[in-house]
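Once you have looked at the hints, place chain B on chain A.
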Amino acid sequence: KAGVTQTPRYLIKTRGQQVTLSCSPISGHRSVSWYQQTPGQGLQFLFEYFSETQRNKGNFPGRFSGRQFSNSRSEMNVSTLELGDSALYLCASSLEGATSYNEQFFGPGTRLTVL
Amino acid sequence: QKEVEQNSGPLSVPEGAIASLNCTYSDRGSQSFFWYRQYSGKSPELIMFIYSNGDKEDGRFTAQLNKASQYVSLLIRDSQPSDSATYLCAALYSNYQLIWGAGTKLIIKP
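Chains A and B are the protein sequences, given in the same order.
So the first sequence is numbered by our numbering: it starts at 2 and just counts up by one.
So the second sequence is numbered by our numbering: it starts at 1384 and just counts up by one.
Extracted from the complex, chain A is given alone in its bound form (with noise of 0.2 Å):
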């Protein structure tokens, strides 16, 4: 079975500029959460989508956004890059998200640098 894999795996923007990120999550999974990863403050929670639709959202602000498709593949986007965000971003996907003994596997992140 394939696992998550992310695109691009590196991405390097200026300030100001936007980026999209791609997950496609794990055949069968219909739950795909995407978290920020910096050094020393672990993973921060975006976002989580479950069937197209999104059941729960961290603490960032609006230029951050997502979204869902039909085949459980998602999209996040970033608008007006600050240099704050350069992080590696991270989805997981699950088979029904939220629940209490839920595994999130996780993709290999992409790699964002912003300039």
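Keep in mind that the hints were calculated from the coordinates and are not lab data.
Just so you know, these numbers come straight off a predicted model, no measurement behind them.
Hints may contain errors.
To be verified - Computed cross-link-like contacts, DSSO-like style, restricted to lysine-lysine with a CA-CA straight-line distance of at most 27 Å:
id, chain 1, residue 1, chain 2, residue 2
1, A, K58, B, K1450
2, B, K1425, A, K58
3, B, K1425, A, K14
For chain B alone, coordinates are given in the frame of chain A:
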């Protein structure tokens, strides 16, 4: 105030010894707790989860949960150099968000 706290380390443990990793959380309504391992440059992968008070064992790993003290721990017996990684604790909060600690870096010395 951080909601899931972990000592950032590094925690250095001799090979063959027991490594003890700790995590505290602030939401008393949290339902279940997860330990993930993240090797440098790699993505997190699940080691185990626990949702009942007490101990849960899986091979060399034991997770311990004390809901009264809002405390979760992970013990690694017979530590191996391949256990060297960052260990992330996550709590499923009552709002169904998975809240993560910043991780503890574990170094197993041969």
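Hints, verified against the model:
1. Between A/K58 and B/K1450, the direct Cα distance comes to roughly 26 Å. Compliance with the 27 Å bound is thereby established for this hinted pair.
2. Between B/K1425 and A/K58 the alpha-carbon distance is near 25 Å, which keeps this suggested pair within the 27 Å criterion.
3. As the CA atoms of B/K1425 and A/K14 are separated by approximately 23 Å, the hinted pair is consistent with the 27 Å bound.
Going through the hint list in order, the structure satisfies each hint without exception.
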